[in-house]
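Enquirer: Work out the full structure, taking the sequences as your base and the hints as a guide.
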Amino acid sequence: MSDSERENCQIAQAFSLSIVALFSPVLYWVGLLTRGVSFFYLPMAKLAGTYLLMAAAAVAAVWLLLRPPRVLFRILAVVALLVNLGGIIYAGRLWRADARLLTSGTLWTPFEEGKLGIVIAPAGDSAQALAVARTIEETIRQQVSLAGLDGLIETRQVTSLSTVKAARHVAQRMQACVIIWGAEEGSELRHTKYYVTSLGARLAASSLEPSALMMLLVSDTTLALAENSLTSEGPAVATAKQVIVPAALGFATLAGNQPLYAASFFQVAQVSQLQPAVQSQLAANYALALLYANRADLAADAVAAADPAGNLQSALVAGTLALVQNDSAAAEDAFLAARILDAHSAQAYCGLGIIEASRAKLDRASALYNQALTLEPGWGIIQLLRAQVFELRGDVEGARTAYDLAGSSLGPFGNLRGVIRQRVDQLAAAPPAPVATATIAATPSPMSVPGQRQHVVTRNQTIREIAGIYGVSEEDLIQLNKLEDRNTLFIGQVLVIPDE
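The sequence shown: position 235 = 235 (the working numbering), numbered continuously.
Just so you know, these hints were derived from the structure itself, not from any lab. Any given hint might turn out to be false.
No farther apart than 25 Å at their CA atoms in a straight line, the calculated lysine-lysine pairs in the DSS-like style are these [unchecked claim]:
# : residue 1 : residue 2
1 : 46        : 193
2 : 115       : 46
3 : 165       : 361
4 : 165       : 193
5 : 46        : 241
6 : 165       : 115
7 : 193       : 482
8 : 241       : 115
9 : 482       : 46
Expert: In C-alpha coordinates form, the structure reads like this:
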(Lines of atoms letter the chains of each structure in order from A and count residues from 1; the text may use other names and numbers.)
(Lines give C-alpha, C1' and ligand atoms only; values in the text may rest on other atoms or scores of the structure.)
Protein backbone atom coordinates (compact mmCIF):
# COMPACT_ATOMS: atom_id res chain seq x y z
CA MET A 1 0.00 0.00 0.00
CA SER A 2 1.40 3.38 -1.00
CA ASP A 3 1.80 6.29 1.44
CA SER A 4 -1.09 8.21 -0.17
CA GLU A 5 -3.39 5.20 0.05
CA ARG A 6 -2.36 4.65 3.66
CA GLU A 7 -3.06 8.30 4.44
CA ASN A 8 -6.47 8.15 2.76
CA CYS A 9 -7.31 5.05 4.75
CA GLN A 10 -6.30 6.77 7.98
CA ILE A 11 -8.40 9.82 7.08
CA ALA A 12 -11.44 7.65 6.35
CA GLN A 13 -10.93 5.84 9.63
CA ALA A 14 -10.52 9.12 11.52
CA PHE A 15 -13.66 10.52 9.87
CA SER A 16 -15.67 7.46 10.99
CA LEU A 17 -14.35 7.75 14.51
CA SER A 18 -15.21 11.46 14.55
CA ILE A 19 -18.83 10.59 13.84
CA VAL A 20 -18.79 8.00 16.63
CA ALA A 21 -17.15 10.46 19.03
CA LEU A 22 -19.73 13.21 18.39
CA PHE A 23 -22.93 11.27 17.66
CA SER A 24 -23.63 9.79 21.12
CA PRO A 25 -22.82 12.97 23.13
CA VAL A 26 -25.03 15.09 20.87
CA LEU A 27 -27.93 12.63 21.23
CA TYR A 28 -27.30 12.56 24.99
CA TRP A 29 -27.64 16.34 25.14
CA VAL A 30 -30.84 16.17 23.09
CA GLY A 31 -32.25 13.62 25.55
CA LEU A 32 -31.33 15.75 28.56
CA LEU A 33 -32.75 18.95 27.08
CA THR A 34 -36.01 17.39 25.93
CA ARG A 35 -36.69 14.98 28.82
CA GLY A 36 -34.96 16.65 31.72
CA VAL A 37 -34.92 14.62 34.94
CA SER A 38 -37.28 12.01 33.45
CA PHE A 39 -34.33 10.89 31.28
CA PHE A 40 -32.96 9.09 34.36
CA TYR A 41 -36.19 7.09 34.72
CA LEU A 42 -35.68 5.25 31.46
CA PRO A 43 -35.64 1.44 31.75
CA MET A 44 -32.33 0.32 33.23
CA ALA A 45 -31.25 -1.48 30.04
CA LYS A 46 -31.70 1.67 27.93
CA LEU A 47 -29.95 3.84 30.50
CA ALA A 48 -27.01 1.44 30.70
CA GLY A 49 -26.86 1.27 26.90
CA THR A 50 -26.77 5.07 26.71
CA TYR A 51 -23.75 5.31 29.00
CA LEU A 52 -21.98 2.49 27.21
CA LEU A 53 -22.34 4.48 23.98
CA MET A 54 -21.00 7.57 25.78
CA ALA A 55 -17.98 5.55 26.93
CA ALA A 56 -17.40 4.29 23.38
CA ALA A 57 -17.60 7.88 22.09
CA ALA A 58 -15.01 8.98 24.67
CA VAL A 59 -12.65 6.16 23.65
CA ALA A 60 -13.00 7.17 19.98
CA ALA A 61 -12.27 10.81 20.85
CA VAL A 62 -9.17 9.90 22.85
CA TRP A 63 -7.88 7.76 19.95
CA LEU A 64 -8.36 10.70 17.58
CA LEU A 65 -6.58 13.00 19.99
CA LEU A 66 -3.56 10.72 20.29
CA ARG A 67 -3.26 9.46 16.68
CA PRO A 68 -4.75 12.02 14.29
CA PRO A 69 -3.70 12.13 10.65
CA ARG A 70 -4.57 15.84 10.53
CA VAL A 71 -5.04 18.76 12.95
CA LEU A 72 -8.74 19.02 12.02
CA PHE A 73 -9.48 15.63 13.56
CA ARG A 74 -7.60 16.59 16.72
CA ILE A 75 -9.85 19.65 17.02
CA LEU A 76 -12.92 17.46 16.48
CA ALA A 77 -11.66 15.10 19.18
CA VAL A 78 -11.32 17.97 21.68
CA VAL A 79 -14.84 19.20 20.81
CA ALA A 80 -16.26 15.69 21.18
CA LEU A 81 -14.62 15.23 24.58
CA LEU A 82 -15.91 18.61 25.77
CA VAL A 83 -19.45 17.82 24.59
CA ASN A 84 -19.24 14.38 26.21
CA LEU A 85 -17.86 15.68 29.51
CA GLY A 86 -20.23 18.67 29.50
CA GLY A 87 -23.23 16.40 29.06
CA ILE A 88 -22.19 14.23 32.00
CA ILE A 89 -21.57 17.29 34.22
CA TYR A 90 -24.95 18.77 33.26
CA ALA A 91 -26.68 15.43 33.91
CA GLY A 92 -24.97 15.24 37.30
CA ARG A 93 -26.28 18.68 38.23
CA LEU A 94 -29.81 17.70 37.18
CA TRP A 95 -29.59 14.48 39.14
CA ARG A 96 -28.22 16.18 42.27
CA ALA A 97 -31.01 18.77 42.17
CA ASP A 98 -33.59 16.02 41.79
CA ALA A 99 -31.95 13.94 44.53
CA ARG A 100 -32.07 16.93 46.91
CA LEU A 101 -35.78 17.30 46.12
CA LEU A 102 -36.44 13.59 46.59
CA THR A 103 -34.62 13.54 49.95
CA SER A 104 -35.91 16.89 51.19
CA GLY A 105 -38.53 15.17 53.33
CA THR A 106 -41.54 16.59 51.47
CA LEU A 107 -41.81 14.98 48.03
CA TRP A 108 -41.54 11.37 49.20
CA THR A 109 -43.25 11.75 52.57
CA PRO A 110 -46.05 9.16 52.87
CA PHE A 111 -49.60 10.42 53.05
CA GLU A 112 -51.11 10.53 56.52
CA GLU A 113 -52.86 7.40 57.73
CA GLY A 114 -56.54 7.55 56.85
CA LYS A 115 -55.94 9.84 53.86
CA LEU A 116 -56.58 8.75 50.28
CA GLY A 117 -53.50 9.96 48.43
CA ILE A 118 -53.45 10.77 44.72
CA VAL A 119 -49.97 11.31 43.24
CA ILE A 120 -49.64 13.35 40.04
CA ALA A 121 -46.57 12.97 37.82
CA PRO A 122 -46.33 15.23 34.73
CA ALA A 123 -46.05 13.52 31.35
CA GLY A 124 -42.72 15.29 30.83
CA ASP A 125 -40.79 18.43 31.72
CA SER A 126 -42.28 20.67 29.03
CA ALA A 127 -44.41 23.69 29.90
CA GLN A 128 -47.46 21.93 28.41
CA ALA A 129 -46.96 18.78 30.52
CA LEU A 130 -46.52 20.79 33.72
CA ALA A 131 -49.60 22.88 32.89
CA VAL A 132 -51.71 19.74 32.42
CA ALA A 133 -50.45 18.36 35.75
CA ARG A 134 -51.42 21.59 37.50
CA THR A 135 -54.84 21.47 35.81
CA ILE A 136 -55.36 17.92 37.04
CA GLU A 137 -54.44 18.85 40.61
CA GLU A 138 -56.65 21.95 40.65
CA THR A 139 -59.61 20.08 39.14
CA ILE A 140 -59.28 17.24 41.66
CA ARG A 141 -59.39 19.72 44.53
CA GLN A 142 -62.46 21.39 43.05
CA GLN A 143 -64.26 18.07 42.59
CA VAL A 144 -63.30 16.88 46.07
CA SER A 145 -64.75 20.06 47.54
CA LEU A 146 -67.97 19.76 45.51
CA ALA A 147 -68.38 16.13 46.61
CA GLY A 148 -67.86 17.00 50.27
CA LEU A 149 -64.75 14.83 50.54
CA ASP A 150 -62.46 17.54 51.95
CA GLY A 151 -60.04 16.12 54.46
CA LEU A 152 -60.25 12.62 52.98
CA ILE A 153 -58.51 12.95 49.61
CA GLU A 154 -55.12 14.64 49.23
CA THR A 155 -52.95 15.28 46.17
CA ARG A 156 -49.22 15.71 45.67
CA GLN A 157 -47.04 16.27 42.60
CA VAL A 158 -43.78 14.45 41.89
CA THR A 159 -41.32 14.46 39.00
CA SER A 160 -42.23 12.84 35.69
CA LEU A 161 -42.13 9.05 35.33
CA SER A 162 -41.93 6.86 32.24
CA THR A 163 -42.91 3.30 33.22
CA VAL A 164 -45.73 1.67 35.16
CA LYS A 165 -43.14 -0.03 37.38
CA ALA A 166 -41.66 3.33 38.40
CA ALA A 167 -45.14 4.80 38.91
CA ARG A 168 -46.22 1.92 41.16
CA HIS A 169 -42.97 2.12 43.13
CA VAL A 170 -43.48 5.83 43.81
CA ALA A 171 -47.14 5.34 44.78
CA GLN A 172 -46.31 2.47 47.13
CA ARG A 173 -43.49 4.40 48.74
CA MET A 174 -45.83 7.35 49.39
CA GLN A 175 -48.65 5.03 50.51
CA ALA A 176 -50.91 6.53 47.88
CA CYS A 177 -53.91 4.72 46.42
CA VAL A 178 -53.76 6.25 42.91
CA ILE A 179 -51.04 7.72 40.71
CA ILE A 180 -51.63 9.73 37.54
CA TRP A 181 -48.72 9.79 35.11
CA GLY A 182 -47.94 9.98 31.42
CA ALA A 183 -45.36 9.19 28.79
CA GLU A 184 -44.55 10.29 25.27
CA GLU A 185 -44.82 7.53 22.68
CA GLY A 186 -43.90 7.15 19.01
CA SER A 187 -40.69 7.98 17.20
CA GLU A 188 -41.47 10.65 14.60
CA LEU A 189 -45.06 11.63 15.34
CA ARG A 190 -44.87 11.71 19.13
CA HIS A 191 -48.02 11.80 21.22
CA THR A 192 -48.70 11.67 24.92
CA LYS A 193 -50.43 8.79 26.63
CA TYR A 194 -51.87 9.27 30.08
CA TYR A 195 -52.26 6.59 32.74
CA VAL A 196 -54.29 6.33 35.94
CA THR A 197 -52.90 3.49 38.05
CA SER A 198 -54.94 2.18 40.99
CA LEU A 199 -53.19 0.19 43.72
CA GLY A 200 -56.42 -1.49 44.74
CA ALA A 201 -59.43 -1.16 47.03
CA ARG A 202 -57.31 -1.36 50.15
CA LEU A 203 -59.81 -0.34 52.84
CA ALA A 204 -62.36 -2.80 51.45
CA ALA A 205 -60.02 -5.70 52.21
CA SER A 206 -61.65 -7.56 55.10
CA SER A 207 -62.39 -11.12 53.95
CA LEU A 208 -60.41 -14.16 52.82
CA GLU A 209 -63.28 -15.43 50.68
CA PRO A 210 -61.91 -16.25 47.19
CA SER A 211 -64.43 -13.99 45.43
CA ALA A 212 -63.54 -11.10 47.78
CA LEU A 213 -59.82 -11.65 47.11
CA MET A 214 -60.54 -11.68 43.39
CA MET A 215 -62.31 -8.33 43.72
CA LEU A 216 -59.15 -6.92 45.33
CA LEU A 217 -56.97 -8.29 42.54
CA VAL A 218 -59.21 -6.78 39.86
CA SER A 219 -59.22 -3.38 41.60
CA ASP A 220 -55.44 -3.22 41.02
CA THR A 221 -55.47 -1.89 37.47
CA THR A 222 -54.25 0.84 35.11
CA LEU A 223 -56.42 2.94 32.83
CA ALA A 224 -54.57 4.08 29.70
CA LEU A 225 -55.80 6.81 27.35
CA ALA A 226 -54.29 9.04 24.70
CA GLU A 227 -54.94 12.74 24.21
CA ASN A 228 -58.44 13.28 22.90
CA SER A 229 -60.05 16.28 21.20
CA LEU A 230 -63.07 16.35 23.46
CA THR A 231 -63.73 20.10 23.65
CA SER A 232 -62.39 23.33 22.23
CA GLU A 233 -60.10 23.75 25.27
CA GLY A 234 -57.47 21.49 23.76
CA PRO A 235 -56.99 17.72 23.83
CA ALA A 236 -54.79 17.37 26.91
CA VAL A 237 -56.74 19.77 29.10
CA ALA A 238 -60.09 18.31 28.03
CA THR A 239 -58.93 14.75 28.69
CA ALA A 240 -57.58 15.79 32.09
CA LYS A 241 -60.78 17.47 33.23
CA GLN A 242 -63.38 15.17 31.76
CA VAL A 243 -61.80 11.71 32.07
CA ILE A 244 -58.56 11.55 34.08
CA VAL A 245 -59.83 13.44 37.13
CA PRO A 246 -63.13 11.56 37.63
CA ALA A 247 -61.41 8.21 36.92
CA ALA A 248 -58.72 8.96 39.54
CA LEU A 249 -61.38 10.01 42.05
CA GLY A 250 -63.29 6.82 41.26
CA PHE A 251 -60.27 4.67 42.07
CA ALA A 252 -59.48 6.74 45.18
CA THR A 253 -62.98 6.48 46.65
CA LEU A 254 -63.08 2.77 45.82
CA ALA A 255 -59.79 2.40 47.72
CA GLY A 256 -61.41 4.27 50.62
CA ASN A 257 -64.39 1.88 50.73
CA GLN A 258 -66.78 4.47 49.30
CA PRO A 259 -68.17 2.41 46.39
CA LEU A 260 -71.20 4.60 45.66
CA TYR A 261 -68.98 7.64 45.25
CA ALA A 262 -66.68 5.53 43.06
CA ALA A 263 -69.54 4.37 40.85
CA SER A 264 -70.67 7.97 40.44
CA PHE A 265 -67.20 9.17 39.43
CA PHE A 266 -66.69 6.30 36.95
CA GLN A 267 -70.07 7.11 35.40
CA VAL A 268 -69.10 10.78 34.99
CA ALA A 269 -65.84 9.77 33.29
CA GLN A 270 -67.68 7.90 30.52
CA VAL A 271 -67.95 10.82 28.10
CA SER A 272 -69.36 10.02 24.69
CA GLN A 273 -66.28 10.84 22.60
CA LEU A 274 -63.89 8.34 24.22
CA GLN A 275 -62.34 5.42 22.35
CA PRO A 276 -64.35 2.20 22.77
CA ALA A 277 -61.55 0.45 24.72
CA VAL A 278 -61.38 3.22 27.32
CA GLN A 279 -65.17 3.40 27.48
CA SER A 280 -65.31 -0.35 28.14
CA GLN A 281 -62.71 -0.20 30.88
CA LEU A 282 -64.50 2.65 32.64
CA ALA A 283 -67.78 0.74 32.41
CA ALA A 284 -66.03 -2.30 33.90
CA ASN A 285 -64.71 -0.28 36.84
CA TYR A 286 -68.20 1.21 37.31
CA ALA A 287 -69.49 -2.38 37.53
CA LEU A 288 -66.73 -3.26 40.02
CA ALA A 289 -67.75 -0.33 42.23
CA LEU A 290 -71.35 -1.57 42.15
CA LEU A 291 -70.12 -5.02 43.20
CA TYR A 292 -68.41 -3.45 46.21
CA ALA A 293 -71.71 -1.71 46.95
CA ASN A 294 -73.43 -5.15 47.01
CA ARG A 295 -75.43 -4.34 43.90
CA ALA A 296 -74.58 -7.34 41.72
CA ASP A 297 -77.87 -6.83 39.87
CA LEU A 298 -76.84 -3.39 38.61
CA ALA A 299 -73.26 -4.58 38.05
CA ALA A 300 -74.53 -7.26 35.64
CA ASP A 301 -76.09 -4.61 33.39
CA ALA A 302 -72.90 -2.56 33.45
CA VAL A 303 -70.75 -5.60 32.61
CA ALA A 304 -72.95 -6.43 29.64
CA ALA A 305 -72.21 -2.96 28.22
CA ALA A 306 -68.47 -3.20 28.92
CA ASP A 307 -67.49 -5.61 26.10
CA PRO A 308 -66.09 -8.50 28.21
CA ALA A 309 -64.92 -10.34 25.09
CA GLY A 310 -62.75 -7.49 23.84
CA ASN A 311 -61.38 -5.73 26.94
CA LEU A 312 -59.19 -7.27 29.64
CA GLN A 313 -60.57 -5.34 32.62
CA SER A 314 -64.12 -5.98 31.44
CA ALA A 315 -63.46 -9.73 31.18
CA LEU A 316 -61.89 -9.81 34.65
CA VAL A 317 -64.82 -7.94 36.20
CA ALA A 318 -67.29 -10.19 34.36
CA GLY A 319 -65.53 -13.26 35.78
CA THR A 320 -65.49 -11.76 39.28
CA LEU A 321 -69.20 -10.96 39.06
CA ALA A 322 -69.89 -14.56 38.04
CA LEU A 323 -67.86 -15.79 41.03
CA VAL A 324 -69.94 -13.63 43.35
CA GLN A 325 -73.09 -15.09 41.78
CA ASN A 326 -71.72 -18.66 42.10
CA ASP A 327 -71.87 -19.18 38.33
CA SER A 328 -68.62 -21.09 37.80
CA ALA A 329 -69.28 -21.80 34.10
CA ALA A 330 -69.73 -18.11 33.26
CA ALA A 331 -66.75 -17.21 35.45
CA GLU A 332 -64.56 -19.73 33.63
CA ASP A 333 -65.60 -18.38 30.24
CA ALA A 334 -64.80 -14.82 31.31
CA PHE A 335 -61.40 -15.64 32.80
CA LEU A 336 -60.47 -17.71 29.75
CA ALA A 337 -61.39 -14.68 27.61
CA ALA A 338 -59.13 -12.55 29.83
CA ARG A 339 -56.36 -15.12 29.42
CA ILE A 340 -56.72 -14.91 25.64
CA LEU A 341 -56.66 -11.10 25.70
CA ASP A 342 -53.49 -11.06 27.82
CA ALA A 343 -51.36 -14.17 28.24
CA HIS A 344 -49.55 -12.43 31.13
CA SER A 345 -52.60 -11.53 33.23
CA ALA A 346 -51.97 -12.85 36.74
CA GLN A 347 -55.58 -12.03 37.65
CA ALA A 348 -56.88 -14.33 34.90
CA TYR A 349 -54.80 -17.23 36.24
CA CYS A 350 -56.05 -16.53 39.77
CA GLY A 351 -59.67 -16.50 38.64
CA LEU A 352 -59.23 -19.84 36.88
CA GLY A 353 -57.43 -21.19 39.95
CA ILE A 354 -60.37 -20.24 42.18
CA ILE A 355 -62.73 -22.14 39.88
CA GLU A 356 -60.52 -25.24 39.84
CA ALA A 357 -60.19 -25.15 43.64
CA SER A 358 -63.99 -24.97 43.96
CA ARG A 359 -64.15 -28.15 41.85
CA ALA A 360 -61.61 -29.84 44.15
CA LYS A 361 -59.06 -29.97 41.30
CA LEU A 362 -56.32 -28.86 43.66
CA ASP A 363 -53.28 -29.77 41.53
CA ARG A 364 -54.59 -27.69 38.68
CA ALA A 365 -55.51 -24.81 41.00
CA SER A 366 -52.01 -24.89 42.52
CA ALA A 367 -50.41 -24.84 39.05
CA LEU A 368 -52.50 -21.83 38.05
CA TYR A 369 -51.59 -19.93 41.22
CA ASN A 370 -47.93 -20.75 40.68
CA GLN A 371 -48.18 -19.34 37.17
CA ALA A 372 -49.73 -16.18 38.58
CA LEU A 373 -46.88 -15.90 41.08
CA THR A 374 -44.37 -16.29 38.27
CA LEU A 375 -45.93 -13.27 36.58
CA GLU A 376 -46.42 -11.19 39.77
CA PRO A 377 -44.14 -12.59 42.49
CA GLY A 378 -44.83 -9.69 44.85
CA TRP A 379 -48.61 -10.06 45.06
CA GLY A 380 -49.49 -11.31 48.54
CA ILE A 381 -53.12 -11.94 47.55
CA ILE A 382 -51.95 -14.85 45.37
CA GLN A 383 -50.25 -16.38 48.40
CA LEU A 384 -53.59 -16.19 50.25
CA LEU A 385 -55.22 -18.19 47.47
CA ARG A 386 -52.38 -20.74 47.60
CA ALA A 387 -52.84 -21.03 51.36
CA GLN A 388 -56.46 -22.03 50.82
CA VAL A 389 -55.37 -24.84 48.50
CA PHE A 390 -53.07 -26.13 51.26
CA GLU A 391 -56.01 -25.98 53.66
CA LEU A 392 -58.14 -28.05 51.30
CA ARG A 393 -55.34 -30.61 51.20
CA GLY A 394 -55.21 -30.67 55.00
CA ASP A 395 -51.62 -29.35 54.91
CA VAL A 396 -51.59 -27.00 57.92
CA GLU A 397 -47.84 -26.30 57.72
CA GLY A 398 -48.01 -25.42 54.04
CA ALA A 399 -50.99 -23.16 54.65
CA ARG A 400 -49.23 -21.40 57.53
CA THR A 401 -46.13 -20.81 55.40
CA ALA A 402 -48.25 -19.36 52.55
CA TYR A 403 -50.09 -17.11 55.01
CA ASP A 404 -46.76 -15.87 56.39
CA LEU A 405 -45.53 -15.11 52.87
CA ALA A 406 -48.77 -13.28 52.14
CA GLY A 407 -48.51 -11.19 55.29
CA SER A 408 -45.08 -9.93 54.27
CA SER A 409 -46.14 -8.88 50.76
CA LEU A 410 -49.68 -7.52 51.04
CA GLY A 411 -48.72 -3.98 50.02
CA PRO A 412 -51.77 -1.70 50.21
CA PHE A 413 -53.94 -4.53 51.58
CA GLY A 414 -52.19 -4.52 54.95
CA ASN A 415 -55.47 -4.46 56.90
CA LEU A 416 -55.87 -8.13 55.93
CA ARG A 417 -53.09 -9.07 58.35
CA GLY A 418 -55.50 -9.20 61.28
CA VAL A 419 -57.81 -11.55 59.37
CA ILE A 420 -54.81 -13.72 58.44
CA ARG A 421 -53.69 -13.99 62.08
CA GLN A 422 -57.18 -15.10 63.09
CA ARG A 423 -57.19 -17.73 60.35
CA VAL A 424 -53.77 -19.08 61.37
CA ASP A 425 -54.96 -19.35 64.98
CA GLN A 426 -58.07 -21.23 63.82
CA LEU A 427 -55.90 -23.66 61.85
CA ALA A 428 -53.78 -24.34 64.93
CA ALA A 429 -56.85 -24.93 67.07
CA ALA A 430 -58.79 -27.04 64.56
CA PRO A 431 -56.71 -28.42 61.67
CA PRO A 432 -58.89 -29.03 58.58
CA ALA A 433 -59.44 -32.48 57.14
CA PRO A 434 -58.34 -32.91 53.51
CA VAL A 435 -61.14 -32.83 50.94
CA ALA A 436 -61.55 -35.52 48.33
CA THR A 437 -59.86 -34.23 45.20
CA ALA A 438 -61.26 -34.71 41.73
CA THR A 439 -59.46 -37.16 39.46
CA ILE A 440 -57.71 -35.31 36.65
CA ALA A 441 -54.86 -35.96 34.29
CA ALA A 442 -51.43 -35.70 35.84
CA THR A 443 -50.51 -32.76 33.64
CA PRO A 444 -53.01 -29.90 33.17
CA SER A 445 -53.93 -29.18 29.57
CA PRO A 446 -52.71 -25.82 28.36
CA MET A 447 -55.32 -23.16 27.68
CA SER A 448 -55.34 -22.31 24.02
CA VAL A 449 -54.50 -18.84 22.82
CA PRO A 450 -55.09 -18.18 19.14
CA GLY A 451 -51.84 -17.67 17.28
CA GLN A 452 -49.67 -18.76 20.21
CA ARG A 453 -48.05 -22.05 21.15
CA GLN A 454 -47.94 -23.08 24.77
CA HIS A 455 -46.10 -25.64 26.88
CA VAL A 456 -47.05 -27.06 30.27
CA VAL A 457 -43.98 -27.67 32.44
CA THR A 458 -43.50 -31.24 33.67
CA ARG A 459 -41.24 -32.58 36.40
CA ASN A 460 -37.51 -31.70 36.15
CA GLN A 461 -37.89 -29.75 32.88
CA THR A 462 -35.55 -26.82 32.33
CA ILE A 463 -35.65 -23.70 30.19
CA ARG A 464 -32.90 -25.15 27.98
CA GLU A 465 -34.84 -28.37 27.41
CA ILE A 466 -38.11 -26.57 26.58
CA ALA A 467 -36.36 -24.12 24.23
CA GLY A 468 -34.75 -27.09 22.47
CA ILE A 469 -38.08 -28.86 22.02
CA TYR A 470 -39.53 -25.92 20.11
CA GLY A 471 -36.36 -24.67 18.44
CA VAL A 472 -36.42 -21.21 20.05
CA SER A 473 -33.81 -19.30 22.02
CA GLU A 474 -33.72 -19.51 25.80
CA GLU A 475 -33.58 -15.73 26.13
CA ASP A 476 -36.68 -15.22 23.96
CA LEU A 477 -38.54 -17.78 26.06
CA ILE A 478 -37.50 -16.09 29.31
CA GLN A 479 -38.34 -12.59 28.05
CA LEU A 480 -41.76 -13.49 26.61
CA ASN A 481 -42.84 -15.18 29.85
CA LYS A 482 -41.25 -12.52 32.10
CA LEU A 483 -39.37 -15.15 34.11
CA GLU A 484 -37.41 -13.66 37.01
CA ASP A 485 -35.31 -16.79 37.58
CA ARG A 486 -34.48 -19.11 34.70
CA ASN A 487 -33.82 -21.93 37.14
CA THR A 488 -37.23 -21.81 38.85
CA LEU A 489 -40.11 -23.51 37.05
CA PHE A 490 -43.23 -25.09 38.50
CA ILE A 491 -44.92 -28.33 37.52
CA GLY A 492 -48.01 -27.34 35.57
CA GLN A 493 -46.69 -23.86 34.75
CA VAL A 494 -47.90 -22.68 31.35
CA LEU A 495 -45.23 -21.08 29.15
CA VAL A 496 -46.02 -19.16 25.99
CA ILE A 497 -43.66 -20.27 23.19
CA PRO A 498 -42.28 -17.47 20.99
CA ASP A 499 -42.63 -17.61 17.25
CA GLU A 500 -39.77 -19.33 15.44
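Enquirer: Now tell me, hint by hint, if it's right for this structure.
Expert: Hint by hint, here is what the structure shows:
Under the criterion of a C-alpha separation no larger than 25 Å, the hint pairing residue 46 with residue 193 is consistent with the structure, at around 20 Å. Between residue 115 and residue 46 the CA atoms are separated by roughly 36 Å; this puts the pair beyond 25 Å, and the hint is violated. For the hint pairing residue 165 with residue 361, the CA-to-CA distance comes to about 34 Å; that exceeds 25 Å, so the pair is violated. With a C-alpha separation of about 16 Å, the suggested pair residue 165 and residue 193 falls inside the 25 Å cut-off, and the hint holds.
This hinted pair does not check out: residue 46 and residue 241 have alpha carbons roughly 34 Å apart, beyond 25 Å. At most 25 Å may separate the alpha-carbon atoms for a hinted pair to count; residue 165 and residue 115 meet this at roughly 23 Å. Among the hinted pairs, residue 193 with residue 482 is consistent with the structure: their alpha-carbon atoms are about 24 Å apart, no more than 25 Å. Between residue 241 and residue 115 the CA atoms are separated by roughly 23 Å; this keeps the pair inside 25 Å, and the hint holds.
About 18 Å separates the Cα atoms of residue 482 and residue 46, which keeps this hinted pair within 25 Å; it holds.
Checked against the numbered hints given earlier, the structure breaks hints 2, 3 and 5 and satisfies all the rest.
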